[in-house]
Amino acid sequence: INTYKSGLSPRRNYQYEPRPGSTSPKRIDVTMKFGGSSLANAERVDHVANLIKDRINPPATLEDGSPNEETPVRPRAVICSAMGKTTNSLLSAGEMALEGRVDVEALRTLHTT
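Sequential numbering from 3 applies to the sequence shown in the working numbering.
Derived from the structure by calculation, the hints contain no laboratory data.
All C-beta atoms, glycine included, are put in the ideal place defined by N, C-alpha and C.
Hints may contain errors.
Said to hold, decoys possible - Derived CB-CB ranges, DEER-like:
(1) S39 with E72: 21 to 31 Å
(2) E107 with A44: 15 to 25 Å
(3) E101 with E65: 47 to 57 Å
(4) M98 with A44: 38 to 48 Å
(5) T111 with A79: 26 to 36 Å
(6) T111 with N59: 19 to 29 Å
(7) M98 with R76: 38 to 48 Å
To be verified - Pairs of lysine to aspartate or glutamate, EDC-like flavour, derived with a Cα cap of 20 Å:
(8) K55 with E71
(9) K87 with E71
(10) K55 with D31
(11) K35 with D56
(12) K87 with D48
With the sequences and hints as input, model every part of the structure.
Next up, the structure:
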């Protein structure tokens, strides 16, 4: 287990080098985190997915036609919080359950509309 743990060190240095002869730019390792309001509905989830995709493979040119000099990334982790007001609804449902009541309608509504 110690050998396994040593490989998980946060100080471990991952080096990405393009293959010899490749014209691909060097990528940087990142962790991406998106909060609840970023994931509030299907449209926002699609937007976040496109943000991730565009950071992994940035378009060659920007909307104004100028060259895009953005460095591509390699996500080591993508962290997503609960959608929209889900955390508040979960806390409320938990409090109600402690009182012997069950109401998951608010959660159901959040995820079906």
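Going down the list of hints, with the structure as the test:
For the pair S39 and E72, the beta carbons lie near 24 Å from each other, so the given range of 21 to 31 Å is met. As the Cβ distance of E107 to A44 is approximately 20 Å, the hint placing it in 15 to 25 Å holds. For E101 and E65, the hinted distance range of 47 to 57 Å is satisfied, since their beta carbons lie about 53 Å from each other. In this structure the hint that M98 and A44 lie 38 to 48 Å apart at CB is violated, the actual value being about 27 Å.
A hinted range of 26 to 36 Å for the beta carbons of T111 and A79 is consistent with their spacing of about 30 Å. In this structure, T111 and N59 break the distance hint of 19 to 29 Å, their C-beta atoms being roughly 36 Å apart. The given range of 38 to 48 Å is respected by M98 and R76, whose C-beta atoms sit roughly 43 Å from each other. Annotation: proposed proximity of K55 to E71 holds, straight-line Cα distance about 16 Å (limit 20 Å).
With a C-alpha separation of about 37 Å, the suggested pairing of K87 with E71 is violated against the 20 Å cut-off. Of the pairs offered as hints, the one joining K55 and D31 holds, with about 14 Å between alpha carbons and a cut-off of 20 Å not exceeded. For the suggested pair K35 and D56, the alpha carbons sit about 15 Å apart, so the restraint of at most 20 Å is met. With a C-alpha separation of about 18 Å, the suggested pairing of K87 with D48 holds against the 20 Å cut-off.
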